[in-house]
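**Student:** Kindly generate the complete structure, drawing on both the sequences and the hints.
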Amino acid sequence: MDIGIRAGQDAPKKVPAKIERLLEKASFAIDDIEYVVCSDLSMQGNFNETWVLLIANNLLVIDTGKIVERFAVSDIKGVRIKELFSSASILVELNAGEHCLVRYSKARTAEFVRFYRMLKLCLQGDRTLIGQESKASSCKKCGYPLTEEGAACPRCVPSWSVLKRLIQLMSPYKSRLYLVIACTFVAVGAQMIPPYITKKIVDDVILVKDASALTGLITIMLLSGVVYLAARWLIGAVSAWLSARLITDLRSRLHLHLQKLEMTYFNKRSSGDIVARVMQDTTELQQFLIEGLPFMLVNGISFIVISAILLSLDTELAIIAFMPVPFLILGVHWIWNRLRPLLYKRGRYRGEITSILSESIRGVRAVKAAGFEQDRANRFDEYNEKFFDSLRRIMTGFVGFSEGSYWLMTVGVAVIWLFASMRLTGAGDSLTLGDLLAFVGYIWLFYAPLQWFGVIMNWMNNAFAGAERIFAILDTRPEEYERKDNIQHPDIQGDIVFKDVHFSYEKGKEVLKGIDFNIKYGEMIGLVGKSGMGKSTLINLICRFYQPDSGQIMLDGQPLDHYKLQDLRHSIGIVMQDPFIFYGSIRENIAYGRPDASIEKVIEAAQAANAHEFIVEKEFGYDTIIGENGVELSGGERQRITIARAILQDPAILILDEATSLVDSETEQEIQSAINILVKNRTTIAIAHRLGTLRNADRLLVIDDGKIVEQGTHDHLLTSDGLYARLVKIQSELNELNAKAHIA
Amino acid sequence: MNANETRTFHLSRRHDQVVFQYDKEDVEIPVRILLVAPLSDGKRIVSILHQEKKEELILIKSLETIDGTNKKIIEEEIERCYFFPKITKINDVSIHLGDYYWDVVTDKGGKKFLLSSPSVNMRWVSTQRIILCDSDGIKYDLCDMEDMDQASRDLLQRII
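Here the protein sequences come in this chain order: A and B.
Residue 1 is where the first sequence starts when you use my numbering, and the numbers rise one by one after that.
Residue 1 is where the second sequence starts when you use my numbering, and the numbers rise one by one after that.
Incorrect hints may have been included.
Said to hold, decoys possible - In silico SDA-like cross-links for lysine to any residue, where the CA-CA straight-line distance does not exceed 25 Å:
1) B/43 to A/86
2) B/112 to A/98
3) A/82 to B/107
4) A/82 to B/19
5) B/43 to A/727
6) A/141 to B/93
7) B/53 to A/720
8) A/82 to B/14
9) A/77 to A/32
10) B/112 to A/548
11) A/140 to B/92
12) B/112 to A/260
13) A/513 to A/98
14) A/77 to B/116
15) A/509 to B/47
16) A/530 to B/30
17) B/72 to A/42
18) A/82 to B/89
19) A/140 to B/133
20) B/71 to A/98
21) A/729 to B/132
22) B/111 to A/707
23) A/77 to B/12
24) B/53 to A/730
25) A/513 to B/89
26) B/139 to A/707
27) B/54 to A/727
28) B/111 to A/44
29) B/112 to A/729
30) A/707 to B/51
31) B/112 to A/530
32) A/82 to B/75
33) A/260 to B/116
34) B/139 to A/727
35) B/89 to A/48
36) A/82 to B/92
37) B/89 to A/86
38) A/386 to B/132
FYI, nobody ran anything at the bench for these hints, they're computed from the structure.
**Tutor:** Below is the structure:
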């Protein structure tokens with residue numbers, strides 16, 4: 001069967017020259033290539049390139065420079081992905097049975113999922129997916145994987161680009177930045193004066209025994225000290241203001257941006273990591289900007305100015321003074337190459353200790369019940385000792401380097417004294433005692449910062465690394481809150497339609513495999529199925545926490561993404577299994593999302609949720625503080641507060657995600673009557689494992705393996721003797737057993 | 001049920017699929033061959049699972065007790081399903097923005113990979129063995145570190 005595939009203009013069809021030659025030898029025309037994908041595994045499971053090409057209605061597999069497989073597309077009956085561990089394979093169904101087309105590691109999942117979808121549609125005569133290029137997943141420069149598809153490679157981005165962005169962030173505060181730079185020049189200038197005055201005093205006052213200029217010289221010295229002090233104070237104060245301002249702005253931007261990111265961002269990262277970005281990285285950057293950057297500025301400029309002064313005083317001595325510098329810099333470089341990995345290790349061990357400690361405290365009950373106190377202690381001690389060892393090695397390295405570099409500087413100064421003294425005691429030299437003393441004064445100003453140069457450089461690297469991570473968050477694309485074609489001021493009713501919706505959290509692992517259903521306004525729908533079948537995923541898509549991979553979701557006849565995100569989410573109320581209670585008063589918790597609601601409205605909502613009585617029994621009633629470090633509430637109380645919240649919000653669409661699964665039957669009854677009020681005249685989607693709670697649903701959708709396998713009322717599905725009927729039977733048997741055990 | 005009991009079984013391949021059959025029965029069941037504890041017990045304990053029902057048909061407590069075609073098919077299938085490169089040499093390891101960039105040689109060939117969140121993705125199985133999980137989810141076996149060449153050990157010493 002010729003399914004008429006023709007070459008697409010934008011198909012990813014770049015192949016290396018050796019593959020082109022191979023194709024030509026096999027009488028294929030390069031222009032006939034319609035799709036190309038490259039695996040990183042050979043058929044034997046080794047890291048090697050294996051090319052798969054769709055060319056002239058044929059699928060070719062090229063491995064180790066040879067065409068190892070060739071199928072006419074018309075011979076392929078079906079295609080699927082077989083997930084393995086850290087790898088997968090594409091299987092094609094032929095007349096003789098299933099055959100492995102290609103293997104690939106997880107690194108190539110995105111490309112091969114695209115290929116699989118393309119091929120699947122091609123077999124149905126649909127070639128819409130031909131021509132979809134995948135973004136680069138590894139850096140073209142260094143070859144290492146990218147942290148995000150299509151993103152810049154952190155290894156190859158120059159450090160100065162971070163500095164450039166930081167300076168751009170300071171642009172609203174330019175005047176203060178210029179003040180800091182100006183004060184830096186003033187401070188450096190003032191710092192250069194005392195050694196010069198020393199020279200003048202020695203040469204023009206003491207040696208010639210003429211004190212006439214002494215007062216003036218001392219006054220200048222004192223004044224320069226005052227100017228230096230004032231300049232340094234200004235630098236410190238303004239830098240502190242600037243850096244604090246910058247970091248405050250950054251944290252605000254970060255926090256806001258994080259609120260707007262897609263859910264997929266949070267799936268891939270731990271909350272601890274994200275919090276560390278916002279707090280620790282910004283703090284480290286701030287510290288560097290307050291202390292490290294002024295140090296670098298002042299000493300960097302000093303270094304240049306002092307070098308010029310030394311050369312002007314005496315070239316020979318200046319060259320001697322410069323000699324230790326390369327050794328110091330090399331020494332810094334050498335020691336930091338050794339210390340940097342230790343610093344990372346120390347950070348890691350510290351993280352482990354914190355984690356173990358936190359776990360031991362949170363899980364103290366479980367630890368005591370199992371008698372594992374000593375075991376936990378041993379584990380803590382193991383990492384504590386490793387932390388001690390890394391710390392010891394770091395401090396030893398620091399001290400050794402610090403003393404060693406001080407010795408090197410002392411040698412430099414001693415050599416200068418030696419050569420200078422020899423010249424001074426000789427005849428006919430222009431060098432004066434004043435010159436020498438000035439020289440020695442400048443030398444210590446010259447050497448001292450070099451010792452800390454490495455420390456500051458490392459500090460800068462860490463701070464800029466933190467800044468890079470911060471900018472990586474700010475550069476992540478947020479959810480699309482508004483579009484030009486958004487419906488303005490919609491009056492959302494709650495008609496929902498799913499049309500052939502496919503979705504996967506992780507590429508290659510579909511959770512929803514073609515979902516079709518519709519919900520009319522005001523209907524109560526129950527979603528039923530075993531754990532992991534896709535029920536909560538449906539909810540996530542309705543709330544637009546994620547976008548479907550394919551298919552369409554309609555709301556009131558319009559595509560879901562035609563609604564402004566805020567309008568959509570304000571029209572959806574969710575009561576979750578684990579109710580979210582934040583630190584605040586009960587009133588604030590109920591009015592979350594409607595902070596302008598009056599106390600009377602809050603009370604009405606609480607009464608409807610059967611929560612009012614237990615609230616007023618608290619010492620401070622609706623003003624009682626709950627949440628972390630607040631008053632403890634039982635599971636049922638927390639749930640009723642979230643129901644009150646939903647009632648107050650008055651959403652068009654209500655989602656009950658296992659709202660009663662964590663409470664006992666008695667509490668469930670109380671909550672159920674509140675829920676019954678809530679669902680009236682409102683599109684409701686309820687997920688529950690206790691099937692009895694869905695008995696009153698207008699319709700039940702039974703989901704299995706990502707598809708809707710049954711639909712109907714409770715009574716209708718019971719008589720159908722399908723999956724729902726089996727689930728009900730199992731639950732009934734379980735309830736009977738529990739009842740018998742309870743009686744016994 | 002385990003392979004030490006009297007009920008015997010027979011494995012075969014239908015193209016890419018491993019098929020299980022109890023002896024003297026006609027029913028062929030497509031199965032998955034899985035290692036029960038690949039890190040702590042290697043390839044010793046094997047579970048044969050019904051592919052669709054996900055029910056265990058046989059738990060083989062020691063692969064050494066199996067022989068012939070069954071063993072061959074089990075070993076081949078384990079080799080195919082478990083992609084777990086063993087690192088034999090380390091060309092370079094560097095740290096950038098808190099992520100670890102590895103350039104290694106494995107028993108499957110050379111590879112460059114990125115490892116983030118080392119506290120989570122570097123798992124110590126024993127004092128001489130670490131499982132590394134890269135940013136794509138591929139796991140690497142870093143074991144027998146003392147047998148590696150000096151340059152590799154020096155690089156490792158800086159990191160772990």
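**Student:** Are the hints correct? Go through all of them and say.
**Tutor:** Verification of the hints:
no., hint, in the structure
1, B/43 to A/86, "17 Å, holds"
2, B/112 to A/98, "33 Å, violated"
3, A/82 to B/107, "23 Å, holds"
4, A/82 to B/19, "16 Å, holds"
5, B/43 to A/727, "37 Å, violated"
6, A/141 to B/93, "17 Å, holds"
7, B/53 to A/720, "22 Å, holds"
8, A/82 to B/14, "15 Å, holds"
9, A/77 to A/32, "22 Å, holds"
10, B/112 to A/548, "32 Å, violated"
11, A/140 to B/92, "18 Å, holds"
12, B/112 to A/260, "33 Å, violated"
13, A/513 to A/98, "21 Å, holds"
14, A/77 to B/116, "41 Å, violated"
15, A/509 to B/47, "23 Å, holds"
16, A/530 to B/30, "23 Å, holds"
17, B/72 to A/42, "21 Å, holds"
18, A/82 to B/89, "31 Å, violated"
19, A/140 to B/133, "23 Å, holds"
20, B/71 to A/98, "23 Å, holds"
21, A/729 to B/132, "45 Å, violated"
22, B/111 to A/707, "39 Å, violated"
23, A/77 to B/12, "23 Å, holds"
24, B/53 to A/730, "17 Å, holds"
25, A/513 to B/89, "43 Å, violated"
26, B/139 to A/707, "32 Å, violated"
27, B/54 to A/727, "18 Å, holds"
28, B/111 to A/44, "16 Å, holds"
29, B/112 to A/729, "53 Å, violated"
30, A/707 to B/51, "19 Å, holds"
31, B/112 to A/530, "40 Å, violated"
32, A/82 to B/75, "18 Å, holds"
33, A/260 to B/116, "24 Å, holds"
34, B/139 to A/727, "38 Å, violated"
35, B/89 to A/48, "18 Å, holds"
36, A/82 to B/92, "33 Å, violated"
37, B/89 to A/86, "21 Å, holds"
38, A/386 to B/132, "20 Å, holds"
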